[in-house]
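Spelled out, the chains give:
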Amino acid sequence: MMDPEVHSLTGAYVCHALEPAERTAFERHLAQCSACAAEVAELRETAALLASAAAQTPPDRLKAAVDARIAVTRQIPPISATAPARPPAARPRRRWFTAAGWVLAAGLAATVAVLGVRVGDQQHQIDQARQRDTAITALLSAPDAQAGTAAVRTGGNGMVLVSRSHDEAAIAVHGLTRLPPGKAYQLWMISPAQTRSGGLLPLGPDGTSGSVLAHGLGDARTIGLTVEPDTGSAQPTTTPVMLLPMPA
Amino acid sequence: MLGRASSKAATDEQATLESHLHRVALGDREAFDAVYEQLAGPVLGVARRVLRDPAQAEEVAQEVLVEIWRTASRFDPARGTARAWALTMAHGRAVDRVRSADACARREARAAELMVDTPFDEVVEAVEARLDRQRVRRCLEGLTELQRQSVTLAYYGGYTYSQVAQLLDTPLGTVKTRLRDGLARLRDCLGVGG
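Top line first, the protein sequences correspond to chains A and B. Under this note's numbering, the first residue of the first sequence carries the number 11, and numbering increases by one thereafter. Under this note's numbering, the first residue of the second sequence carries the number 1092, and numbering increases by one thereafter.
If we strip away everything but chain A, and leave its shape as in the complex, we get (with noise of 0.2 Å):
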């Protein structure tokens, strides 16, 4: 169908230059015109040259800060062509959520809408990682974040994201060695008088990844990681496998 008028919204659209009920009924309409779509195609390749006529040379503390927020991002799968809404997909999903919620950080709102749809009964969980993305999300802007890494002797590496001001530090490991049934990795706050637990690493689906968000850093130095028994344990009872220094 070719309403003239709201075919000459294409220009407006591509510039993002639409109000949002114009937009929402711009992008209705492209749903069905296929020479409209065709022209929004090209005026936006169009529109990214504009972009790349723009460039500049960025930073290298961009860099830095993309490369630390990646590695706490879950990245999204591919839908699937055939079954977009096909059920099972929401397994995988829910036992990740309660299992290393805000991993997902920077993305969650898609997934929420996705899920709060879906499935319903989670919604608690949902709210707790979007609570915890909430203090990622404020974590990552705090002026004195600082970000730091380190390898995992029995294979993987570990990142920690430290805002002193913030007293808050987030952890993500990947890459770990999957441990035999009743082992656990655990964490641990190690300071100069003293080590306190972390509480046990919750690892997320594929059980060689987790993250956590640790609150009252107090004059804690370097987190610690070590194979424990399921149950964890008190204080570290196996050589670390990993010591990772904090940004002061």
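Derived from the structure by calculation, the hints contain no laboratory data. C-beta atoms are modelled at their ideal positions from N, C-alpha and C, and glycine is treated no differently. Errors might be hidden in some of the hints.
Derived CB-CB ranges, DEER-like [unchecked claim]:
#1 P1168(B) to D229(A): 18 to 26 Å
#2 L1237(B) to D177(A): 16 to 24 Å
#3 R1228(B) to P87(A): 37 to 45 Å
#4 A161(A) to L1237(B): 56 to 64 Å
#5 T218(A) to R1165(B): 39 to 47 Å
#6 A31(A) to T1107(B): 48 to 56 Å
#7 G1282(B) to R231(A): 28 to 36 Å
#8 R231(A) to R1165(B): 36 to 44 Å
#9 T249(A) to S1191(B): 24 to 32 Å
#10 R188(A) to H1113(B): 50 to 58 Å
#11 T218(A) to R1228(B): 49 to 57 Å
#12 G226(A) to S1191(B): 26 to 34 Å
Now the stretches of chain B that chain A is said to cover, found in silico as 3 or more residues with beta-carbon under 8 Å [stated by the list, open to error]:
#13 1241-1248
#14 1269-1275
Selected chain A positions facing chain B (Cβ under 7 Å, derived; list incomplete) [what the hints assert, rightly or not]:
#15 G21
#16 E29
#17 F36
#18 E37
#19 L40
#20 A58
#21 L59
#22 A65
#23 Q66
#24 P68
#25 A74
#26 A75
#27 V76
#28 R79
#29 I80
#30 T83
Since the structure of chain A is provided, determine the placement of chain B on it from the hints.
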């Protein structure tokens, strides 16, 4: 000649970018580094053009680059190039940010400044970017005054087309049309999609 040479280069670059993006969707960090290399400059640049504020632009660029990592699997080559996909996202985020309530006051103050500003003001080392810049500048110069102002204010200024109409004291319908035929003329001049 220059146009053809650089669009050949652009096609190669595009194919590489798309294959990298495909690998990013599989969690490949090295491929992401390559994507970052190609897109961080324009992502930051467009955010900076729209937002003006370097700190805010960097925040938006950070968000967008993380979003590219997160949603790489959703990129659909049937709907356009990877570059357009990423830069549409970057421009959209920057515009959302500039329209948020706290940014409004600052915007008012810079409306006048924007009118007299040239679109390109920063030193860019990358040769491709410089070529893009020259081509775009040349093509923008080929537009009518009203087309050029409409496209510049809407795209680089982040204004809605009704705000553009007010700023230019021009009827809404005219701005709507100029945005469309201005971009179409740029498309032809830049040899997009041909």
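Checklist entry - Checked against the structure, which of the hints given earlier come out wrong? => result Numbers 1, 2, 5, 6, 7, 9, 10, 17, 18, 19, 25 - these are the hints that the structure violates, sorted from lowest upward.
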